[in-house]
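Enquirer: Residue numbers (this note's numbering), protein chains in the order written: chain A, 1 to 300; chain B, 1 to 177.
Don't read these hints as lab results, they were simulated from the structure. Treat the numbers as computed from the prediction; the structure is a model and nothing was measured. Glycine included, C-beta positions come from ideal geometry on N, C-alpha and C. A few of these clues could be false.
With beta-carbon atoms standing in for the labels, derived distance ranges [stated by the list, open to error]:
hint, chain 1, residue 1, chain 2, residue 2, range
1, A, P48, B, R172, 47 to 57 Å
2, B, D111, A, W41, 41 to 51 Å
3, A, W41, B, L30, 34 to 44 Å
4, A, K9, B, F38, 34 to 44 Å
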Amino acid sequence: MAAIPARHKSLVLLAGVILLQVLLLAVQIKRDSQGRLIRSWTVGAVSPFERAGSYGFGWFREIWRNYFALRGTRQDNEQLRHENDALKLQNAQLQGKAAEADRLAALVHFRQSQVDVPMVTARVIAGGPSTASFTIELDRGEKDGIRRDMGVITPDGVVGKVIETYPNTAQVLLLTDNHGGVGAMLADSRIQSPVGGMGEPLLAMKYVPNDDDVNVGERVVTSGMDHIFPRDLPVGAIAEIKPGNPFKQIRIKPAANLERLEEVLVLLTLHPLEMNKPNDSASAQPSAPAASNAPPAAKP
Amino acid sequence: MNDTYDLRISESHIEVHKFRTGAILVATLLALVIQAWFPMRVARTALLDLPLLVTIYFGLSRRNPSTGLLLGTAIGLLQDSLSGPTIPLGLFGIAKTIIGYLASSIGARLDTEHPAARFALTAGFFMIHQALIALTRRILLAQPEPWFNWHLFLAALVNAIVAVLLFVLLDRLRRPS
Numbered sequence: 001m002a003a004i005p006a007r008h009k010s011l012v013l014l015a016g017v018i019l020l021q022v023l024l025l026a027v028q029i030k031r032d033s034q035g036r037l038i039r040s041w042t043v044g045a046v047s048p049f050e051r052a053g054s055y056g057f058g059w060f061r062e063i064w065r066n067y068f069a070l071r072g073t074r075q076d077n078e079q080l081r082h083e084n085d086a087l088k089l090q091n092a093q094l095q096g097k098a099a100e101a102d103r104l105a106a107l108v109h110f111r112q113s114q115v116d117v118p119m120v121t122a123r124v125i126a127g128g129p130s131t132a133s134f135t136i137e138l139d140r141g142e143k144d145g146i147r148r149d150m151g152v153i154t155p156d157g158v159v160g161k162v163i164e165t166y167p168n169t170a171q172v173l174l175l176t177d178n179h180g181g182v183g184a185m186l187a188d189s190r191i192q193s194p195v196g197g198m199g200e201p202l203l204a205m206k207y208v209p210n211d212d213d214v215n216v217g218e219r220v221v222t223s224g225m226d227h228i229f230p231r232d233l234p235v236g237a238i239a240e241i242k243p244g245n246p247f248k249q250i251r252i253k254p255a256a257n258l259e260r261l262e263e264v265l266v267l268l269t270l271h272p273l274e275m276n277k278p279n280d281s282a283s284a285q286p287s288a289p290a291a292s293n294a295p296p297a298a299k300p
Numbered sequence: 001m002n003d004t005y006d007l008r009i010s011e012s013h014i015e016v017h018k019f020r021t022g023a024i025l026v027a028t029l030l031a032l033v034i035q036a037w038f039p040m041r042v043a044r045t046a047l048l049d050l051p052l053l054v055t056i057y058f059g060l061s062r063r064n065p066s067t068g069l070l071l072g073t074a075i076g077l078l079q080d081s082l083s084g085p086t087i088p089l090g091l092f093g094i095a096k097t098i099i100g101y102l103a104s105s106i107g108a109r110l111d112t113e114h115p116a117a118r119f120a121l122t123a124g125f126f127m128i129h130q131a132l133i134a135l136t137r138r139i140l141l142a143q144p145e146p147w148f149n150w151h152l153f154l155a156a157l158v159n160a161i162v163a164v165l166l167f168v169l170l171d172r173l174r175r176p177s
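Work out the full structure: start from the sequences and follow the hints.
Expert: Here is the structure:
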């Protein structure tokens, strides 16, 4: 033990004597809420170290948890990311299949409601080769009985007509094409007028006199006058009416979603058909969009 | 312990006094008894702090810091013991320990035989003593205690005057050199 210099001995003695008396005071003094002062001092002296130890341990634990214990996290993250991507893909496939199942169920229901009408289900395998032609290609052709000028529909409404056939495929001209069209009439007033395409999403109803009372939203159905489509198939709904000379300029939103076709029905006859009334169809398939005046947006 | 020796500081010659056997003990006990008894009879004498004056005197005379602080400790603890349960042991003990140390340290450097020096030193030590008491009470005991006021200033003057007289009496207890 190092010797204390003589001139400092009295100072050391002073400090020792005072410290002893302070401790003596602390042992005697009892404060109201903190117990004896010596206990308060002891707690006060020890608690900073306890707190520092606690913080240090917490800091070390956080470091361990957030850094060292995460050594395998990158691999886990990559694995989970891959699994997530696979699950997303699987989910999308399942959703697509579910949507397809819904569409096919609608087609089946429609077919069951029109058992007397010969028709075949076909899948759309390609769209038009250019933006100027509104055509689609089907996965069925002459081998399935499809011929030119046969009508193509969906449960929602009219799609177009077959313009070319091949042994296993067929090409369909959509209503929206400049050369597309269908004999139609207003569902309520029974005013007849052909409906044709304009090379854009909306159709045009060409020969409705200005004097006739026509309202936006009114349903347009097939008239059967073109000998391709049976009567009362949904064509669309009036979206816009402008006065013209001598006929109104009426724009129709197609009932079938012609921009997102995936499955269609081809009417396998070139003779005039008589289909069940839409109301009958509606009673047989209350949830089918074909029985309502719903716009195409209602179709998946 | 009662040996005589010289301290030479800055060319000054300061004598260390020794006292008759038992003089310090008797004087201390007498001061404590008077301090305990006299204020009960004469209220105004409560201003006096005879144990403090004894501590200062023997500290200045002995001129040994270790002896001075131990004497202050003993006197202070005895005063605490006689002060009843309201004064915890150590309150006056700490204050008088420091006063004893300071007095003996100053006594080793200055000639404190002159009455004026004794007056000034006693007044100063009284104030320091009061400050130490207040500090201890405020910090350790959490009790309100004024640092200083006119009453304490008056007490400092009274104690300083009494100290000049008392120290002359106590000088008689010294052994002749």
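Enquirer: State for each hint whether it applies.
Expert: Hints, verified against the model:
For P48/A and R172/B, the hinted distance range of 47 to 57 Å is satisfied, since their beta carbons lie about 56 Å from each other. For the pair D111/B and W41/A, the beta carbons lie near 43 Å from each other, so the given range of 41 to 51 Å is met. At about 37 Å, the beta-carbon gap between W41/A and L30/B stays in the expected band of 34 to 44 Å. Taking the beta carbon of each, K9/A and F38/B are about 37 Å apart, inside 34 to 44 Å as hinted.
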